[in-house]
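K.L.:
Please model the complete structure; the sequences and the hints are all you need to start from.
The sequence shown: position 228 = 228 (the working numbering), numbered continuously.
Be a bit skeptical, because a hint or two may be false.
[Said to hold, decoys possible] Below are the EDC-like pairs computed for lysine to aspartate or glutamate, each with C-alpha atoms no more than 16 Å apart in a straight line:
#, residue 1, residue 2
1, Lys212, Glu175
2, Lys232, Asp250
3, Lys246, Glu139
4, Lys143, Asp250
5, Lys200, Glu210
6, Lys232, Asp252
7, Lys200, Glu166
8, Lys232, Asp189
9, Lys158, Glu203
10, Lys254, Glu144
11, Lys192, Asp223
12, Lys42, Asp52
13, Lys212, Glu151
14, Lys192, Glu151
15, Lys232, Asp190
Worth flagging that the hints you see were computed from the coordinates, not collected in a lab.
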Amino acid sequence: MEKVFAELAERSRETDRQFKEETDRQFKETDRQFKETDRQFKETAERFKETDRQFKETAERFKETDRQFKETDARLAKLFAEAAERSKETDRQFKEAAKEAAERSKETDRQLKETGRKIDSLGGKWGEFVEGFVAPAAERLFKERGIEINEVYQRARKRKNGKGIEIDILAVNGEYAVLIEVKSTLGVDDVKEHIGRLGKFREFFPQYAERKIVGAVAGIVIDEGADRFAYKNGLFVIAQSGESVKIMNDPDFKPKVL
1 MEKVFAELAE
11 RSRETDRQFK
21 EETDRQFKET
31 DRQFKETDRQ
41 FKETAERFKE
51 TDRQFKETAE
61 RFKETDRQFK
71 ETDARLAKLF
81 AEAAERSKET
91 DRQFKEAAKE
101 AAERSKETDR
111 QLKETGRKID
121 SLGGKWGEFV
131 EGFVAPAAER
141 LFKERGIEIN
151 EVYQRARKRK
161 NGKGIEIDIL
171 AVNGEYAVLI
181 EVKSTLGVDD
191 VKEHIGRLGK
201 FREFFPQYAE
211 RKIVGAVAGI
221 VIDEGADRFA
231 YKNGLFVIAQ
241 SGESVKIMND
251 PDFKPKVL
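P.N.:
As structure tokens, this is what we get:
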């Protein structure tokens, strides 16, 4: 019996030892786990602090961005207001300028009409002056082109069967009759009228029926295109040159002979 009790006592001591070792081990493991958990809690707390700091920084940046947006809106509103004011002023100035231009246009029209009336009142006197400027040069001008002029007539008029014709300057010799139309301002329509006049000349001046009919036009001012139109239709073009006049056609020009 003593041996049995001794074995039981030994097993009890071994059981106590193992229980103590296991208990110590579990306590140590639990303590380790508590420490690890505490460490993780601390890390989490630090991360929360960092996240909170970042949120605060982000909030500050949003505040700054919002402030800048508000400042930009205020500047834009000011700029738009200033632009609108300038637009109003520009519109006012434009309306004033348009009104002044309209008034000047009316005054210009009035002056042009007055000038036209004065020119019309001069009428034949101005034409006579221009013809007097061209007629004395006719002999010289056409001699340079191989046509010797013997006689020069101004305002040669004829009427027949209720119709009439007037040649501003008629320069003739035994072979040619040169019909010169003279205008203070020569236009294309004037050239066309003179071409028609050339075709009717022999009907009204039969004494020159055997002459070669040549046309010429003269102008102190010649509208654009009138000279080229005359040239293409075989007419001499006479224009002012200094204190005299000259034929503008090139030296090789051959007039149309009727």
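K.L.:
The structure should be examined with respect to each hint, and the outcome stated for every one.
P.N.:
Verification of the hints:
1. Lys212 - Glu175: holds, 6 Å
2. Lys232 - Asp250: With Cα atoms ~12 Å apart, Lys232 and Asp250 stay inside 16 Å; holds.
3. Lys246 - Glu139: With a Cα-Cα distance of about 11 Å, the restraint between Lys246 and Glu139 holds, given a limit of 16 Å.
4. Lys143 - Asp250: holds, 15 Å
5. Lys200 - Glu210: Since the Cα atoms of Lys200 and Glu210 sit roughly 14 Å apart, the hinted pair holds (cutoff 16 Å).
6. Lys232 - Asp252: At roughly 14 Å apart (the allowed maximum being 16 Å), Asp252 and Lys232 satisfy the hint.
7. Lys200 - Glu166: Holds, at roughly 11 Å.
8. Lys232 - Asp189: Status holds; Cα separation ~14 Å.
9. Lys158 - Glu203: holds, 10 Å
10. Lys254 - Glu144: Between Lys254 and Glu144 the Cα gap is close to 13 Å, so the pair holds against 16 Å.
11. Lys192 - Asp223: holds, 14 Å
12. Lys42 - Asp52: holds, 15 Å
13. Lys212 - Glu151: Holds. Lys212 to Glu151 sits at ~15 Å (cutoff 16 Å).
14. Lys192 - Glu151: Distance ~26 Å between Lys192 and Glu151 Cα, so the pair is violated.
15. Lys232 - Asp190: The given pair, whose Cα atoms are some 15 Å apart, holds under the 16 Å limit.
Comparing the model with each earlier hint shows a violation of hint 14 alone; every other hint is respected.
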